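Novice: Chain residues, written in single-letter form:
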Amino acid sequence: MGNTTTLSDNPRVSNPANTNGSKSGLPPATSPKSDLMGLQSLRPDDHFHSYPEYFVERRHEECIRCLVCVRQCPYDCTYYDPDRDVVYNVHQNCVNCKRCVAMCPTHCIRIERFDSGFRDNGHWGTHLVRGLRKQADTGGVLLTGLGNDLPYPSYFDRIVLDASQVTNPSIDPLREPMELRTYLGRKPESYRPGSPGEVFPNILCEIPVLFAPMSFGAISYNFQHGLALAAQEMGTYFNTGEGGLHPDFRKFRDSVIVQVASGRFGVDPDYLLSSAACEIKIGQGAKPGIGGHLPGEKVNAEISRTRMIPVGTDALSPAPQHDIYSIEDLRLLIYAIKEATEYTRPVSVKIAAVHNTAAIVSGIVRAGADIVVIDGFRGGTGAAPMIIRDHVGIPVEVALAQADQRLREEGIRHQASIIAAGGIRNSADVVKAIALGADAVYIATSAMIAVGCTLCQQCHRGLCAWGITTNRPDLLPRLPADQAAGRLTGLLRGWQHEIQEMLGLMGLNSIESLRGNRLKLRGVGLTQLELQTLGIRQAGL
Amino acid sequence: MPTCPGTCGTGFSQFPSREKIMNSGSRTFPHASMINTSLSAPRGYPGGESQGEGEVPRRKSFVRSPYDEKDLSACGLIGFVNRDRRRESGERIIRAIANMHDRGNGLGGGFAAYGIYPERADLYALHVMYDDPHDAKQVEEYLKRQVVVEAAEEIPLFESRRFSDHPYFKRYFVDLRERLNGHDNEGDYLVDTVMHINVNFEHAFVMSSGKNMGTFKGVGFPEDLGEFFRLPEYEGYIWTGHSRFPTNSPGWWGGAHPFALLDWTIVHNGEISSYGINMRYVKMFGYECTLMTDTEVVAYLFDLLVRRHGLSFEDACKVLAPPFWKDIDVLEEEERFTLTHLRSVYASAALNGPFAFLLGFSGGIIGLNDRVKLRPLVVGRGGESVYLSSEEAAIRTICPEVEEIWAPVAGEPVIVLLESVGESRDGRGNQRQRPVLQGA
Ligand code: SF4
Ligand code: SF4
Ligand code: SF4
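Top line first, the protein sequences correspond to chains R and V.
Residue numbers for the first sequence follow this note's numbering, beginning at 1 and rising by one.
Residue numbers for the second sequence follow this note's numbering, beginning at 1 and rising by one.
FYI, nobody ran anything at the bench for these hints, they're computed from the structure.
Bear in mind that the values here come from a model prediction, so they are computed numbers and not experimental data.
The beta carbon of each residue, even a glycine, is placed where N, CA and C say it ideally should be.
Be aware that a few hints might be false.
If you anchor each label on the Cβ, the simulated ranges turn out as follows [what the hints assert, rightly or not]:
(1) V:Ser89 with R:Glu498: 51 to 61 Å
(2) R:Val199 with V:Asn185: 19 to 29 Å
(3) R:Leu273 with V:Leu331: 22 to 32 Å
(4) R:Asn356 with V:Asn185: 34 to 44 Å
(5) R:Val199 with V:Ser89: 46 to 56 Å
Now the stretches of chain R that chain V is said to cover, found in silico as 3 or more residues with beta-carbon under 8 Å [to be verified]:
(6) 174-185
(7) 470-476
With the C-beta cut set under 7 Å, the calculated list includes, among others, these residues of chain R facing chain V [said to hold, decoys possible]:
(8) Asn168
(9) Pro169
(10) Ser170
(11) Pro188
(12) Tyr191
(13) Arg192
(14) Arg406
(15) Arg408
(16) Gly516
(17) Val524
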């Protein structure tokens, strides 16, 4: 990827003693000397990109100078001037992660938008101007974290759910059983008890929500530990991502899906067998068609052990798997994994949602995959070029609807389960995805938000203020594993209740009757072609 | 003018036929009727007149729903099996369903009868409903290509003022031998033929297609329809009847129960909330749900599970009304394994929502409730006959001497078979161990 830079890591960070002080609370610093000092620290063309985006407002009269905010900000944004006994900020470094806000004991900090941005322009948004200036400065690719944040329309937000009235009774989940159990994997077309029919390995989910692939390295040791504990507790699965499975986590073998990605990090027979299922990663919704890059400085001893690469080396995942250049190559890898695991594990294949997903999914199923993951363009990432994250791929809703329909038309829907991923935000999205045809969903960003993520999109910098996407020893303890597990369990429990309520109001008492049941969905504000693509009807009809 | 329904998602992409169905000249979508003017009925025949000066003549459709939406209805149902194959006229079934008059609203009723064509028992009897007599020609040409039509005749009707406006009914007795173009068995071949007619001939609808049986149905109170179809003149050993309370599509004869495929007939009370996935599931196996009603899918599911996949009746019922996981989890290894696999393999076949249905077939009747029993079903036994009904009163009306009467628990199938076919299972929570309905 060569030269990379980010929107927020400002070169002018090392000595923050150049600020003019905060607007609020105290009068601005009066010494012309300090102004001069500040200016001297600028590089010649620094003024091109030094407009702060956020403004850290501190009510100094309420500040008790405890310096918590100084210690908590990993972005070199906050410092204390002992001479004046004042806490100042370098506003242009603030990424609005809200860590200081949450930790300040007197709640005297507020983060605001710095100003109006550039002159209002419907075409040249402020973020574009910023990006262009930044790029001109560094000549690099703009990197970012998390998922596509541009305001593309959301199909989930234009789909509403049906409810029972009079002609069929709704079912009260507090009084009647309400079943969410889901088996993922290939099923035979028919089953005759007592006869030695084909039986395929399946994994059992007590809730059709799994934790999406997030590699150790991209996320912290503790967060992955928390995911594992929560998955175990809730009867679902977490996914190693492409970063291997740390020896400490092999004990979660019944709750983990291990991934085989293009970098093949940490892949050996024991890894494949320390799993409930194996997954081949072809693509990722946030960055379809490109590989991954974990910078060498992030590769510490633990990550090195897990990924089986030397400490300090860049972990580069090539864009394609170098032994998969066609569907028949994919078949070889699927069966290589099946052989290695002696056909005891379902093999999943994960792709990014792209224009011809339906045909690709059909090919993948025919190649032998037992589970297909379709990752939509809202899916998150630990690091991706912003231009790709924001402009490549399609919404998972349409890709899912088309793939499910195609598999049914070809009569092979039973041969694989479908997991929908990429931007699932709440239990309603889960229900909509399942009604469109998914067997289950993957969640990642929602899980990160549950443990504190504030969507600051700095994951690629390895400085996550909330201890989620960092392994820096000073930041890691901010998210203890048991706390993460507790919050993730809470999230899934909440969703579980909500999904049960939604099933009940539709007059259903088990999730399988919702799966692919598109009559439970209606579109609002969609064109005929969109309705047709989603296979749903217009609201009111 | 309403939005053209041909574009509303589900119907469009999954069921191309829906679009056609909707364009079949129903009164809701007059713009679509123009394509049908060449087929307009003769003057004086219902549907033949134009609707007014200057308007394009519209065809009324009996066989297709005017609405592109799922049919909602509540109902009364009854059926009985003379386990000794004693044939009796349709008089008792009419009396029984008349007893439940208030469970219907006069907008639908129907009957299925088994054993009514003993002299042609080897031939498949196709009961076909046409919008008007002219529509029969094309279908008959198609039928002649597909099967050997041994006999064709109008279904005798008792014409009265009450049914001045009705579809045209014909029945065909057909033989399939020598015509199985590449099909393994007669069932699949006939299913394909029936599906083809129901999908592609928009003014025709095959009501039933089994041997030595038939269905009779329409819009009206069932007791009136029974008289209209002259059922007291038929003799059968299994009868089912249905009284319908539809909340839409009042003039739709095709939407009345029973629904049938081969010799499977289904009368149903309730709403299948899982219909959206059930219909997509059976479509994978070539069954087209041509009528927007959830009931026909049950007949197709039984055909798939029992005839094609070889499941036992019990297992098919376990698929349709699956036991709860909490109950499966505590079973012995072998049974747990079986039920777990049945549930996961046939997840999309499970019926959810309130229902009670009677599935008739040549060998008996299967009664099934949803797994939380949101619709009534009672069973009674009197002599060699077993009765299944929405209401006890209906059973007592026609069998005052009933010996036993009980309500099966939720999700427990009641399998009533002819003595010659096998032992019945009573659906009293332990039918596996206790087949009490062996008969004498
Ligand atoms: S902790 Fe976060 S919000 Fe607070 S100043 Fe630093 S970057 Fe800004
Ligand atoms: S955390 Fe709050 S009270 Fe403490 S120094 Fe910072 S602003 Fe002042
Ligand atoms: S995980 Fe951390 S760095 Fe990434 S968006 Fe969330 S808070 Fe920011």
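Novice: The structure should be examined with respect to each hint, and the outcome stated for every one.
Specialist: A quick look at each hint next to the structure:
1. V:Ser89 with R:Glu498: 51 to 61 Å: Holds, since V:Ser89 and R:Glu498 (Cβ atoms, about 56 Å apart) stay within the stated range.
2. R:Val199 with V:Asn185: 19 to 29 Å: 27 Å, holds
3. R:Leu273 with V:Leu331: 22 to 32 Å: 30 Å, holds
4. R:Asn356 with V:Asn185: 34 to 44 Å: 38 Å, holds
5. R:Val199 with V:Ser89: 46 to 56 Å: About 51 Å separates the Cβ atoms of R:Val199 and V:Ser89, which means 46 to 56 Å holds.
6. 174-185: holds (count 5)
7. 470-476: violated (count 0)
8. Asn168: 4 Å, holds
9. Pro169: 6 Å, holds
10. Ser170: 10 Å, violated
11. Pro188: With a closest approach of 6 Å, the R:Pro188 hint holds.
12. Tyr191: Cβ of R:Tyr191 sits 4 Å from chain V, so the hint holds.
13. Arg192: 6 Å, holds
14. Arg406: The hint is violated - R:Arg406 has no Cβ within 7 Å of chain V, the shortest such distance being about 11 Å.
15. Arg408: OK, holds: R:Arg408 within 7 Å of chain V, min 5 Å.
16. Gly516: Check passed: Cβ of R:Gly516 comes within 5 Å of chain V, closer than 7 Å.
17. Val524: 12 Å, violated
The structure fails to meet hints 7, 10, 14, 17 from the earlier list, while all remaining hints are met.
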